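Colleague: Chain by chain, the residues:
Number of protein chains: 2
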Amino acid sequence: MKAIIPFKREGAKSRLRDFFSESEREELALRMLKDVLAALSKSEIEEAEIISTCSEEILEELKSGFNQKLKLTVREDSRGLNEVLNGVLRDEKEPVLIIMADIPLATPESINGIVGHEEDVVIAPGRKGGTNALFLRRPSEFAVSYYGISCLEHIETAKRRNLTHVIHDSFFISADIDEIDDLTELLIHGKGFSTEYLHRIGVSLRVDKKSMTQAKVERF
Amino acid sequence: MKAIIPFKREGAKSRLRDFFSESEREELALRMLKDVLAALSKSEIEEAEIISTCSEEILEELKSGFNQKLKLTVREDSRGLNEVLNGVLRDEKEPVLIIMADIPLATPESINGIVGHEEDVVIAPGRKGGTNALFLRRPSEFAVSYYGISCLEHIETAKRRNLTHVIHDSFFISADIDEIDDLTELLIHGKGFSTEYLHRIGVSLRVDKKSMTQAKVERF
Numbered sequence: 134m135k136a137i138i139p140f141k142r143e144g145a146k147s148r149l150r151d152f153f154s155e156s157e158r159e160e161l162a163l164r165m166l167k168d169v170l171a172a173l174s175k176s177e178i179e180e181a182e183i184i185s186t187c188s189e190e191i192l193e194e195l196k197s198g199f200n201q202k203l204k205l206t207v208r209e210d211s212r213g214l215n216e217v218l219n220g221v222l223r224d225e226k227e228p229v230l231i232i233m234a235d236i237p238l239a240t241p242e243s244i245n246g247i248v249g250h251e252e253d254v255v256i257a258p259g260r261k262g263g264t265n266a267l268f269l270r271r272p273s274e275f276a277v278s279y280y281g282i283s284c285l286e287h288i289e290t291a292k293r294r295n296l297t298h299v300i301h302d303s304f305f306i307s308a309d310i311d312e313i314d315d316l317t318e319l320l321i322h323g324k325g326f327s328t329e330y331l332h333r334i335g336v337s338l339r340v341d342k343k344s345m346t347q348a349k350v351e352r353f
Numbered sequence: 134m135k136a137i138i139p140f141k142r143e144g145a146k147s148r149l150r151d152f153f154s155e156s157e158r159e160e161l162a163l164r165m166l167k168d169v170l171a172a173l174s175k176s177e178i179e180e181a182e183i184i185s186t187c188s189e190e191i192l193e194e195l196k197s198g199f200n201q202k203l204k205l206t207v208r209e210d211s212r213g214l215n216e217v218l219n220g221v222l223r224d225e226k227e228p229v230l231i232i233m234a235d236i237p238l239a240t241p242e243s244i245n246g247i248v249g250h251e252e253d254v255v256i257a258p259g260r261k262g263g264t265n266a267l268f269l270r271r272p273s274e275f276a277v278s279y280y281g282i283s284c285l286e287h288i289e290t291a292k293r294r295n296l297t298h299v300i301h302d303s304f305f306i307s308a309d310i311d312e313i314d315d316l317t318e319l320l321i322h323g324k325g326f327s328t329e330y331l332h333r334i335g336v337s338l339r340v341d342k343k344s345m346t347q348a349k350v351e352r353f
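Residue numbers (this note's numbering), protein chains in the order written: chain A, 134 to 353; chain B, 134 to 353.
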């Protein structure tokens, strides 16, 4: 089974700019991708294709640090997300998992859970209506739409095209890292490359004195 | 199997005060509790005990609208959360599920998933380090601590007391409703009492024009 991972390095994660320099954001983005690849390499997925606006140079950097049984390829493509993905899906005969590069808490178990459903379309939501993983048993019959409330868009598309669908319920898949607050989840639950990097550059958690029940991210 | 649900009605959900009047917040809190009870009533849980600072009057309001096979009791107790829960756990011989009242997306499947683990302690995290559901096979050997980063506190307690533990991975259980932004999840994924109430009082979603990929909550 194959996974497709859209990845953007240049100018990545701009909403983290109050905390991190541009090169730190790019490094963090790359490490989050490595965490996703590490989870995929321990799951039922056999092959991962990274679709990136940057060149194949990143391939070498990525190859270290996780199970080599995952076959890894990088495709350079500067088109928009929907356009490039729908181009790939159109010719795809086998089931495909589209998984985001910014969900570093993804686990082999959560990935196996997603591809284990029998429905034609499996949607693992992100927060605020995103689609963080999308498993398509019949990819050529589907078209993605990652703008708007994509989770609802994908449900509608499945219905319209007479494909069965299910929502996959995973906290770890839902936790995409876009804003400073999102780092909380990574610092609490993460054990991989990106959490190690956050620790190294002095990002940590403290309990919010006002609520006493929530953690806040800080950087020394 | 028994569930315990701490519930606070008076002054509930104060961080929603920019959007809702006090009575609306209390109504929403009650409806979220009803959604949790509805999910429990379709799960393997047979009995639910609500521990509340308010009187037993709420019982009557709650009894309508969900499967009557769930045995429901209300206990009035004005002590703090940890104190009252640890008092209950101390004498408890049977497995207990402690589940929060503000997770209206909880599903029967997610609840059955939690109580289906074999470990002594099952922790279903909330966002930012909370513990939204906690299943204890040997409750008298455990003590809860809902302040600080409770999810990590509960992992530590399990280790210290030589109890096996596991993290249960559920997006629907993780989605506690504390802030306006949290309503996004309820409006996208909810089908129960609280979502119906939000629609009725004019709370809806629009796509954020800046990000184009995220939804924002608004009220007419």
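Please note: incorrect hints may appear among the correct ones.
Only pairs whose alpha carbons sit at most 27 Å apart, straight line, appear in this in silico DSS-like list of lysine-lysine [stated by the list, open to error]:
no.	chain 1	residue 1	chain 2	residue 2
1	A	K292	A	K324
2	A	K349	A	K324
3	A	K324	B	K292
4	B	K324	A	K292
5	B	K292	B	K349
6	A	K226	A	K202
7	A	K349	B	K196
8	B	K349	A	K292
9	A	K349	B	K292
10	A	K204	A	K349
11	A	K141	B	K349
These are calculated hints, taken from the structure and not from any lab test. Note that the coordinates shown come from a computational prediction; the quantities given were computed from them, not determined experimentally.
Colleague: The structure should be examined with respect to each hint, and the outcome stated for every one.
Modeller: Results for each hint:
1. With a C-alpha separation of about 38 Å, the suggested pair K292(A) and K324(A) falls outside the 27 Å cut-off, and the hint is violated.
2. Restraint check for K349(A) and K324(A): satisfied, since their Cα atoms lie roughly 19 Å apart, inside the 27 Å limit.
3. Distance hint between K324(A) and K292(B) is fulfilled; the C-alpha atoms sit about 18 Å from each other, no more than 27 Å.
4. For the proposed pair K324(B) and K292(A), the alpha carbon gap of about 18 Å is at most 27 Å, so the pair holds.
5. For the given pair, K292(B) sits about 40 Å from K349(B) by alpha-carbon distance, which is inconsistent with the 27 Å threshold.
6. For the hint pairing K226(A) with K202(A), the CA-to-CA distance comes to about 22 Å; that is within 27 Å, so the pair holds.
7. About 39 Å separates the Cα atoms of K349(A) and K196(B), which puts this hinted pair outside 27 Å; it is violated.
8. Only pairs whose Cα atoms come within 27 Å are accepted, and K349(B) paired with K292(A) is accepted, the gap being roughly 25 Å.
9. With a C-alpha separation of about 25 Å, the suggested pairing of K349(A) with K292(B) holds against the 27 Å cut-off.
10. About 38 Å separates the Cα atoms of K204(A) and K349(A), which puts this hinted pair outside 27 Å; it is violated.
11. Distance hint between K141(A) and K349(B) is fulfilled; the C-alpha atoms sit about 25 Å from each other, no more than 27 Å.
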